[in-house]
Amino acid sequence: MSDLHNRLVTMLIDDLGVEDRAAEPGITFDEIDVDSLLLVEFALLIRREFGKELPEGSLTAGSTVADVVGMLQEA
Amino acid sequence: MTRAAVLCGLGSFVPPTVVDNDALSAELDTSDQWIRSRTGISQRHIASGLSTSDLAVRAGREALKSVEGVDALVLATSTPDRPCPATAPAVAAELGLGEVAAFDVAAVCTGFVYALANAAGLIATGVADRVLVIGADTFSTILDPADRTTRAIFGDGAGAVVLRAGRADEPGALQGFQLGSDGSRADLITQRRGGYFEMSGREVFTQAVLRMAESVRQVVKEADWELEDVTHVVAHQANIRILHAVADQLGLPRTLMFSNLDRVGNTVAASIPLALADARLPAGAKVVLTGFGGGLTWGSTALTWPVLGKESDV
Numbered sequence: 001m002s003d004l005h006n007r008l009v010t011m012l013i014d015d016l017g018v019e020d021r022a023a024e025p026g027i028t029f030d031e032i033d034v035d036s037l038l039l040v041e042f043a044l045l046i047r048r049e050f051g052k053e054l055p056e057g058s059l060t061a062g063s064t065v066a067d068v069v070g071m072l073q074e075a
Numbered sequence: 001m002t003r004a005a006v007l008c009g010l011g012s013f014v015p016p017t018v019v020d021n022d023a024l025s026a027e028l029d030t031s032d033q034w035i036r037s038r039t040g041i042s043q044r045h046i047a048s049g050l051s052t053s054d055l056a057v058r059a060g061r062e063a064l065k066s067v068e069g070v071d072a073l074v075l076a077t078s079t080p081d082r083p084c085p086a087t088a089p090a091v092a093a094e095l096g097l098g099e100v101a102a103f104d105v106a107a108v109c110t111g112f113v114y115a116l117a118n119a120a121g122l123i124a125t126g127v128a129d130r131v132l133v134i135g136a137d138t139f140s141t142i143l144d145p146a147d148r149t150t151r152a153i154f155g156d157g158a159g160a161v162v163l164r165a166g167r168a169d170e171p172g173a174l175q176g177f178q179l180g181s182d183g184s185r186a187d188l189i190t191q192r193r194g195g196y197f198e199m200s201g202r203e204v205f206t207q208a209v210l211r212m213a214e215s216v217r218q219v220v221k222e223a224d225w226e227l228e229d230v231t232h233v234v235a236h237q238a239n240i241r242i243l244h245a246v247a248d249q250l251g252l253p254r255t256l257m258f259s260n261l262d263r264v265g266n267t268v269a270a271s272i273p274l275a276l277a278d279a280r281l282p283a284g285a286k287v288v289l290t291g292f293g294g295g296l297t298w299g300s301t302a303l304t305w306p307v308l309g310k311e312s313d314v
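Just so you know, the protein sequences line up as chains R and D, in that order.
Under the UniProt record's numbering, read the first sequence as residues 1 to 75, first letter to last.
Under the UniProt record's numbering, read the second sequence as residues 1 to 314, first letter to last.
Bear in mind the hints are in silico, worked out from the structure with no lab data behind them.
For clarity, every value in this text was computed on a predicted model and none was experimentally measured.
A couple of the hints might just be wrong.
Far from chain R, some chain D residues (derived; all Cβ distances over 12 Å) [stated by the list, open to error]:
{"hint": "1", "residue": "30"}
{"hint": "2", "residue": "143"}
{"hint": "3", "residue": "186"}
{"hint": "4", "residue": "203"}
{"hint": "5", "residue": "259"}
{"hint": "6", "residue": "281"}
Okay, the calculated beta carbon distance ranges per label pair [as the list claims (entries may be wrong)]:
{"hint": "7", "chain 1": "D", "residue 1": "121", "chain 2": "R", "residue 2": "66", "range": "49 to 55 Å"}
{"hint": "8", "chain 1": "R", "residue 1": "66", "chain 2": "D", "residue 2": "283", "range": "42 to 48 Å"}
{"hint": "9", "chain 1": "R", "residue 1": "33", "chain 2": "D", "residue 2": "144", "range": "26 to 32 Å"}
Ideal placement from N, C-alpha and C gives every residue a C-beta, glycine not left out.
Isolated chain R, as found in the complex (with noise of 0.2 Å):
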């Protein structure tokens, strides 16, 4: 797992209390609970510690923390 990765587990872990079944490898959003509203709260987060922003409406239920870092460094 790369450092970027392992940070968006922490922040969805420790800042949004998203249970810990997070750091698993490939587990999609809607696994972990995380509904529309905790992942505008992930994108506000991660504007505000990485200063990028995701395309509206670019996260969804059935994406995963791989395709946020993926997201990330293209933008």
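Go by the hints and put chain D onto chain R.
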């Protein structure tokens, strides 16, 4: 030197009818747990037959106890008694203020901050020495009865302050304003002609957080303060998770964000003065008021909290 606008009176009113989350759940597909976890709201007050002016008069009367009359009345509302004329003159008449200047300001949930800026302008230009500023809305009258989201969020109420002419360096003096709008996003929070009020939750959440955070940053600079100086943020009571996210964006402790959402929900233009009345801020507190709402609109002001009481006693 420009005359400053100094806050010297405060009043609030919520209508007696309370609708709690269980009552909403009995009628709509929702639950107390769902509403509280997503919004921080447990109950809201509903006008049930009272008009916006009825609520405004009650809050205004309480705020007026601090002064011997005012020269002007600015009413922030998006649910006026009638489309035309404005509601403010009727409120002034009901309060027995005589033939004072009276007008409405429509900036939805930012309405109260916009109204404060208008009132401060009347004072700075010498048009008025004392201004009653009221925020009042009855959103329960424009909600879709079948919409579980908006019905959970919005409540009715009114809040009021009195501003008087004074010096910029005294407690209570408003230390500048930051105001803005973005009409390209008007559809996010809207009531179309003949329709019910509608809101696009996710986009509104993001915009509310980013706009209020930036507005607070700017007004703190305008006031010549540092962010670390701020002891209380009294923000528009939109949703507890929005308030927390604003604190997170600013790097401020979430405990700085005052909230009375639990008890009253989102009362639109009334929310900031209602929160001020509930907050019972200590004299000397460094307070930022910030709002965000339909328009889109947003705005902030800052003040050192004064000792409030009857003008002759202070």
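Hint check:
1. 30: Holds: least Cβ distance 14 Å, greater than 12 Å.
2. 143: 20 Å, holds
3. 186: Residue 186 of chain D is indeed farther than 12 Å from all Cβ atoms of chain R, at 17 Å.
4. 203: 7 Å, violated
5. 259: 17 Å, holds
6. 281: Holds, since 28 Å exceeds 12 Å.
7. D:121 / R:66: 49 to 55 Å: 53 Å, holds
8. R:66 / D:283: 42 to 48 Å: Cβ of residue 66 of chain R to Cβ of residue 283 of chain D: about 53 Å, so the range 42 to 48 Å is violated.
9. R:33 / D:144: 26 to 32 Å: Cβ of residue 33 of chain R to Cβ of residue 144 of chain D: about 28 Å, so the range 26 to 32 Å holds.
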